[in-house]
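Generate coordinates for the entire structure from the input sequences, incorporating the hints supplied.
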Amino acid sequence: MYGGHTIYQNLLALRAGPYRQLPGWRDLAALVLVVGVVILLAGGVRQMVEPVAHAPAVPISLSPEALPVYTLRTVLRMLAALVASLLFTLTYATLAAKSRRAERVLIPLLDVLQSVPVLGYLSFTVVFFVSLFPGNTLGPELAAIFAIFTSQAWNMAFSFYQSLRMVPGDLDEACRSVRSSPWQRFWRLEVPFAMPGLVWNTMMSMSGGWFFVVAAEAISVGDVQIALPGVGSFVARAIEERNLACVGWAILAMSLAIIVYDQLLFRPLVAWSEKFRFEQTASQVTPRSWVLSLFQRSAIFQSINQVATAGLQRVGDARLVPGIRAPLVRHPPSQRLVDAIWMLAGAAAIGFVGWAALRYARHALSWSDVSQATGSGLLTLLRVLVLVALASFVWVPIGVMVGLRPRLTATVQPIAQFLAAFPANLLFPLAVFAIVKFQLAPAVWLSPLMILGTQWYILFNIIAGASAFPSDLREAAASFRVRSLHWWWQVILPGIFPYFVTGAITASGGAWNASVVSETVNWGSTTLNGGGLGAYITQMTRAGDYPRIALGVAIMSVYVVAMNRLLWRPLYAFAERHTRLG
Amino acid sequence: MAYARPSGEPLPVLANIDLSLRSGEILGLLGRSGSGKSTLLRISAGLIRPSSGEVLYRGQPLVGPAAGIAVVFQTFALYPWLSVQRNVELGLDALDLPPAERRRRALSAIDLIGLDGFQSAYPRELSGGMRQRVGFARAIVSDPVLLLMDEPFSALDVLTAETLRTDFLDLWVERRLPTEAVLLVTHNIEEAVLMCDRVLVLGSHPGQIAAEIRIPLPHPRNRLAANFRALVGEIYTTLTSRMAESLAAVSASPADQVHGLPRAAINRLNGFVETLAASAYQGQCELPEIAAALALKVDELLPLVAALQLLGFAELRGTRIRLTPAGRVFAGSASEERKRLFREHLLRFVPLAAHVAEVLEERPDHRAPRERFELELQDHLHPEDAQRTLSTLIDWGRYAEILGYDARTRVFSQTVP
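Here the protein sequences line up with chains R and A, keeping their order. So for the first sequence, my numbering puts the first residue at 206; every next one is plus one. So for the second sequence, my numbering puts the first residue at 8; every next one is plus one.
Careful, some of the hints might be misleading.
[As the list claims (entries may be wrong)] Straight-line distance between alpha carbons at most 35 angstroms, and here's what the computed DSBU-like set of lysine-lysine pairs gives:
hint, chain 1, residue 1, chain 2, residue 2
1, A, K304, A, K346
2, A, K346, R, K480
3, R, K642, A, K304
Just so you know, these hints were derived from the structure itself, not from any lab.
Structure below.
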């Protein structure tokens with residue numbers, strides 16, 4: 206399985222680089238910008254919809270024979286989003302890492318964008334893309350792909366940005382001493398160095414993506430009804446028809462798709478990217494992939510590979526920029542005037558967006574809307590906190606027990622990873638069916654759905670942490686016969702704490718996102734409403750009330766950013782300080 | 008004693024070990040890596056259960072970590088999130104003392120080991136030597152009867168290690184520790200002679216006791232004294248004579264018999280031969296002397312010696328190594344000529360190399376997967392030895408240009424020199 210070191214790559218991306226302290230003015234500015242743009246988009250979208258956005262209705266078949274094709278369509282959407290995310294990562298992160306001025310804008314922006322609930326603004330993007338290509342399925346297709354894209358691109362860009370900033374000094378000097386052009390340097394040094402982290406983060410983001418593709422395939426915004434051929438629409442149709450058997454078929458198809466994706470794409474990629482790992486120490490477990498070995502040992506593929514490698518080599522070796530000077534000084538003297546103009550322009554843009562959004566919001570919304578949404582947000586916040594605590598209470602002891610037994614880890618870890626990738630929204634109908642059948646209180650019993658899919662992140666991070674726990678520290682505790690209670694509190698829990706925080710951050714972020722689809726759910730014509738900010742956004746989406754969707758999304762983003770800054774980051778910094786020996 | 012590996016079939020790491028630790032002594036366990044000395048220490052600590060055999064502690068079978076036994080770890084094993092004081096107090100955890108008493112005893116152990124003033128520091132703030140002092144304080148705080156030390160000085164630099172050794176010996180000799188016996192695992196011969204009353208030399212795969220040597224010198228011991236040097240020489244002789252025996256067995260055995268190769272990288276072999284041939288040694292010298300001069304551990308030196316002898320470039324008499332005429336020519340040659348000579352000797356004296364070259368020659372595509380030779384070797388050798396032998400063979404074969412190897416596809420190929 207994947208060793209502890211790979212998990213650390215993942216931690217790096219999550220803790221968001223140099224901005225580890227409490228919220229600063231840059232974050233506030235970025236928040237104003239994002240929230241403002243969301244609200245303004247809502248206004249713009251409303252005007253676009255006026256001439257009736259017409260989305261073609263594709264009939265969705267409920268016969269299991271149609272499922273393989275639907276699954277394939279869903280998988281292809283994932284692939285398209287992956288390519289788009291990669292392109293975004295390579296450009297956005299590079300720009301942020303190369304230009305000090307761009308960095309000041311792009312990184313706080315990325316940080317806030319990461320916190321905006323993807324499913325919240327799905328409604329805008331759907332309407333936007335539909336009106337771009339009226340009468341064509343390309344619109345909804347692009348909207349679905351965009352939803353997946355936004356669920357993975359930010360995380361990947363962060364990982365790549367951080368790798369670019371951590372390129373070891375000696376490698377950097379070696380690269381400059383042979384006078385590589387920036388293009389050569391990018392392909393020879395920076396991309397290879399960032400590769401293991403990028404591949405790992407891509408895989409993690411991808412596992413979140415399945416959730417969003419399922420949610421994005423079938424959506425109705427006001428009068429606009431979207432149903433794209435895919436597993437998500439199949440399930441939506443099954444829910445309308447109250448057909449539990451079809452839900453079962455969809456779960457089966459999705460499971461197979463995820464396993465195939467993992468085995469054919471990511472396992473080989475992770476194993477392959479190991480060769481770029483910088484640390485020279487023999488890492489404890491080397492990821493292996495049968496697919497990769499198969500290809501590497503096949504003679505035909507070897508020759509194809511040689512041709513392809515030679516071609517790529519030529520692209521990477523091209524100078525592009527002739528006669529490049531190797532800069533000896535890393536930081537050129539600051540140009541204060543340009544900096545000042547740049548800052549002023551940025552401040553003006555943010556000021557304008559903030560002012561325009563405020564003006565729009567003032568005539569479309571009232572204070573009671575704000576207090577209603579904020580109040581719903583408190584309910585959702587309470588749910589997230591309680592559920593993360595409950596899930597930790599269950600999975601931390603189990604994860605520790607599993608992680609300390611290598612053989613058990615080897616079996617359980619892939620299962621946990623599969624469960625984390627599995628889109629929990631496919632399972633919602635089963636739970637909803639049960640709630641309807643036994644007439645349980647939706648406000649309480651709908652809550653666990655939020656954490657259904659993301660609790661596994663806690664489990665597998667804990668397993669990874671426990672299996673990376675140094676054996677000498679375990680032996681020391683055993684030889685001094687440390688008592689059970691002390692063993693938990695002084696030995697193992699502090700040791701796995703950074704892993705726990707990573708898992709909890711991912712789980713809570715996922716839970717906020719899931720609240721949009723889990724706080725109010727349908728079974729046939731029955732609607733269960735558990736209340737909360739997620740339910741608020743969903744109701745406003747069904748009603749096509751754009752200003753209030755925007756308000757809901759904005760408030761949820763504020764909650765998520767605040768929770769990250771006030772709870773998770775300080776916890777993470779604490780964990781890191783206390784588990785470092787060097 | 009043997010012990011089942013967590014994965015796969017039982018693999019004897021240790022066999023027929025029968026040792027007893029007496030009150031008032033420091034017993035050294037000396038051996039090369041892979042001889043199972045750390046496993047033996049962990050069995051004595053109750054951390055590992057032997058797959059057969061019995062450990063008796065004060066007449067009772069030992070079933071797990073027991074009161075009165077404490078371990079000092081090679082890697083210190085300090086908890087980064089606990090202060091020095093809390094780390095030391097962890098050594099008292101099993102005793103169930105009231106908090107005030109626990110604090111008092113921890114502080115006095117910290118005091119005794121020379122850490123006073125550091126009790127509220129965290130391990131990351133300390134240097135390596137200070138960290139290991141915390142490791143010692145944690146071990147002695149419970150007043151153990153038996154102290155087990157797993158290469159406690161090997162992660163420290165020479166000066167720091169020497170200071171800590173001396174400080175510990177002072178406490179031991181002045182009887183300021185209630186500890187009755189110490190088991191010290193080490194691969195440093197001088198350290199063993201400096202500290203121990205008795206040294207057991209372990210042989211490898213499976214580990215067994217190869218020799219027992221008494222060190223009757225009074226403390227403090229002088230490294231330069233003649234009797235000290237003599238004991239160091241005696242231990243060297245024990246180790247090298249075992250090596251000489253096994254090398255003799257190699258040359259006496261039929262040609263189709265497979266033997267392991269020592270872990271001796273080609274660049275080290277080259278450097279070692281050049282040093283031997285240089286004017287300081289004139290082609291011959293005593294092993295302890297050159298080990299000290301080159302700061303080589305026994306673990307590193309003996310494989311080099313074995314390799315040179317195997318290749319016919321040097322001969323070993325007792326603890327004295329001497330270059331053969333071929334070895335002198337090798338040392339004096341320029342790089343192409345040296346390669347040619349090495350290739351000749353490799354194919355002539357190492358049947359395994361000749362065998363691999365032959366297989367590659369016979370195959371139509373002149374390639375062979377690593378597994379082919381791995382399986383062959385594993386019929387005769389311990390799996391670890393087989394892997395080590397193959398990696399040495401690849402290193403030597405590449406240098407001699409008799410074979411190529413692709414680590415990604417794990418395939419050997421023939422190269423035409």
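Results for each hint:
1. A:K304 / A:K346: 27 angstroms, holds
2. A:K346 / R:K480: 31 angstroms, holds
3. R:K642 / A:K304: Judged against 35 angstroms, a Cα distance of about 74 angstroms means the pair is violated.
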